[in-house]
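Number of protein chains: 2
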Amino acid sequence: MTTTDLFPTRAERKIPMSERLDPTVFADSSSRKDGPLDERELKSYEENGYLFFDGFFTPAEMQGFLDDLRESEDDEDLKLSEGTILEPGKQEIRSIFGIHEISERFDRLTRDPRLLDMVRQILASEVYIHQSRINYKPGFKGKGFNWHSDFETWHSEDGMPRMRSLSCSIVLTDNVESNGPLMLIPGSHRKFVPCIGRTPENNYQESLKSQTVGVPDEGSLRRLMNDGGIDVPTGPAGSLILFECNTLHGSNQNMSCWPRSNLFFVYNSVENTLADPYCGNRPRPNFLANRTDWSPLTPIA
Amino acid sequence: MTTTDLFPTRAERKIPMSERLDPTVFADSSSRKDGPLDERELKSYEENGYLFFDGFFTPAEMQGFLDDLRESEDDEDLKLSEGTILEPGKQEIRSIFGIHEISERFDRLTRDPRLLDMVRQILASEVYIHQSRINYKPGFKGKGFNWHSDFETWHSEDGMPRMRSLSCSIVLTDNVESNGPLMLIPGSHRKFVPCIGRTPENNYQESLKSQTVGVPDEGSLRRLMNDGGIDVPTGPAGSLILFECNTLHGSNQNMSCWPRSNLFFVYNSVENTLADPYCGNRPRPNFLANRTDWSPLTPIA
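First to last, the sequence lines map onto chains D and L.
Taking the numbering used here, the leading residue of the first sequence gets 2, the next gets one more, and so forth.
Taking the numbering used here, the leading residue of the second sequence gets 2, the next gets one more, and so forth.
Simulated from the structure, these hints should not be mistaken for lab results.
Treat the hints with care, since some could be wrong.
Here are the simulated lysine to aspartate or glutamate pairs, EDC-like style, with alpha carbons at most 20 Å apart [stated by the list, open to error]:
| id | chain 1 | residue 1 | chain 2 | residue 2 |
| --- | --- | --- | --- | --- |
| 1 | D | Lys-44 | D | Asp-23 |
| 2 | D | Lys-15 | D | Asp-218 |
| 3 | L | Lys-80 | L | Asp-68 |
| 4 | D | Lys-142 | L | Glu-20 |
| 5 | L | Lys-142 | D | Glu-219 |
| 6 | D | Lys-142 | L | Glu-219 |
| 7 | L | Lys-142 | D | Asp-218 |
| 8 | D | Lys-44 | D | Glu-62 |
| 9 | L | Lys-144 | D | Glu-178 |
| 10 | D | Lys-144 | L | Glu-219 |
| 11 | L | Lys-44 | L | Asp-68 |
| 12 | D | Lys-144 | L | Glu-178 |
| 13 | D | Lys-144 | L | Asp-218 |
This one's a predicted model, so the numbers in the text were calculated from it and none came from an experiment.
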């Protein structure tokens, strides 16, 4: 299935940035109250493209996830599986994709009403998991991530038609200034920045280690940074960053001895399921872009 | 002239870290009051190995320095001079050494009583400039600096006998979390961490671009970080970080579009002038380690 490409990108020449076409909060005036987020939080999300909740989950709740994680780290089969991405030139794990399919505990967390009710309130529809992953940054070794919009990749490489999805990033280890915390450009979700450069087939095999295609040009980044600044939310394990699919973000390398692990759940609206990739390549594997199960998530009791 | 090497380093095998031998504040109980720093500040410096002053100089004062800087950036002769270090593989300036010899404005600043009186209070002696430099981190491009103790290098490569010197780092552009601000390990000045690896002749030609010799081992760094944490002071242009010569510090790359420039003056006690380099190599050039003028600085009126 193909649909009109409203967000051309990966072109050979620079295309200027354009205005966002979709709402940020999809709820209309009558349904905005249907959920845990209050009007102040919804307005802040609309303005900045993200929300930060310090200590959203308790450290005790996080412990179980950390135990599961430690098991994963020692699992040599998992290290060799296709969904596991190693650091450039290293044997260190950078990311594990499809974590909610590997661990029941993580699967249940995707359906936790504390997350799901916020997501459904913002997207004003039922939702499913487009992608889940853990990003690791081992102490001293973990590299950063270049600035990028997730939507730009999901649109061109996965065929996500519109900006109606978001990420929940749950901080599994304390995030401090020195261990490469997530950086976001507030307000950047209101522009679409097309990127330069054709997408190679199987680009994901390189881009997940070190992104070079799908990185916005410096001129556009400068404009957006000068308009909105750069926010660097930090907080203890259990903190939550909920960010819009088109909010530009990146991170620096881990200079500390402390590992930094973040869990990501990407929720997409069932009104926004995938078309064929707009870049014209074959679809990426299912662990990166779920094309097999778009049934709405049901909250755990 | 050679003296006993109290801080062996650059060995082929790991030498364990050792306790500091020198005071951090050299003033005795009667002379501690002889200067602008109060007892609380002196205690904090003794404990953490650094002091941070938010907005120490006014933005108006900084403007003249920024104007001088801009001139330097456009000076092609300066770009080719031996004291100017370019980014690895790039034409961007990373550091300019001997800045107080190039600019009268910077020379006067080294003798500004607001700085000099603090330095003389801490070191309890007359002082001279061992080294001055500007570190540039251009937006998007500026690389970081590995963790290191300045003293470890100044001792082994320059023959500085004891820990009786300090750096004043003046923030010339706003330092924020995202543009690679200075990170310090509080309390690390109280240990000496010998580094592994013989020092190649003319090591400075590489080490000033990307340091590999003179970097502490991860085990020692981990111990010191777990004991003291990592501080990342940020502040507007004109802010000052005064840090002890043995305090471990480093910085991350500049992820923002905003340049980050810091000015460094290294003051050494006239009681601590240079011997032959303890690593046995030829002395480094004068722009890195002043061996020609150890006369005490006189404050400007």
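Okay, the hints, checked on the actual structure:
Restraint check: the Cα-Cα separation between Lys-44(D) and Asp-23(D) comes to about 15 Å, which is no more than 20 Å; the hinted pair holds. Proximity of Lys-15(D) to Asp-218(D) is assessed by CA-CA distance (about 9 Å); at most 20 Å being required, the pair is judged to hold. The straight-line distance between the Cα atoms of Lys-80(L) and Asp-68(L) is roughly 17 Å, inside the 20 Å bound, and the hint therefore holds. Our distance criterion of 20 Å between C-alpha atoms is broken by Lys-142(D) and Glu-20(L), whose separation comes to about 28 Å.
Pair hint Lys-142(L) plus Glu-219(D) holds up; C-alpha atoms about 10 Å apart against a cutoff of 20 Å. With a CA separation close to 10 Å, the supplied pair Lys-142(D) and Glu-219(L) stays within the 20 Å bound. Between Lys-142(L) and Asp-218(D) the alpha-carbon distance is near 13 Å, which keeps this suggested pair within the 20 Å criterion. At roughly 29 Å between alpha-carbon atoms, Lys-44(D) and Glu-62(D) are farther apart than 20 Å, so this suggested pair is violated.
The hinted pair formed by Lys-144(L) and Glu-178(D) meets the criterion: a straight-line CA distance of about 17 Å does not exceed 20 Å. For the hint linking Lys-144(D) to Glu-219(L), the alpha-carbon distance of about 16 Å falls within 20 Å, and the restraint holds. Proposed proximity of Lys-44(L) and Asp-68(L) is contradicted: the alpha carbons are some 36 Å apart, above 20 Å. For the given pair, Lys-144(D) sits about 17 Å from Glu-178(L) by alpha-carbon distance, which is consistent with the 20 Å threshold.
A C-alpha spacing of about 19 Å is found between Lys-144(D) and Asp-218(L), which places the hinted pair at or below 20 Å, so the restraint holds.
The structure fails to meet hints 4, 8 and 11 from the earlier list, while all remaining hints are met.
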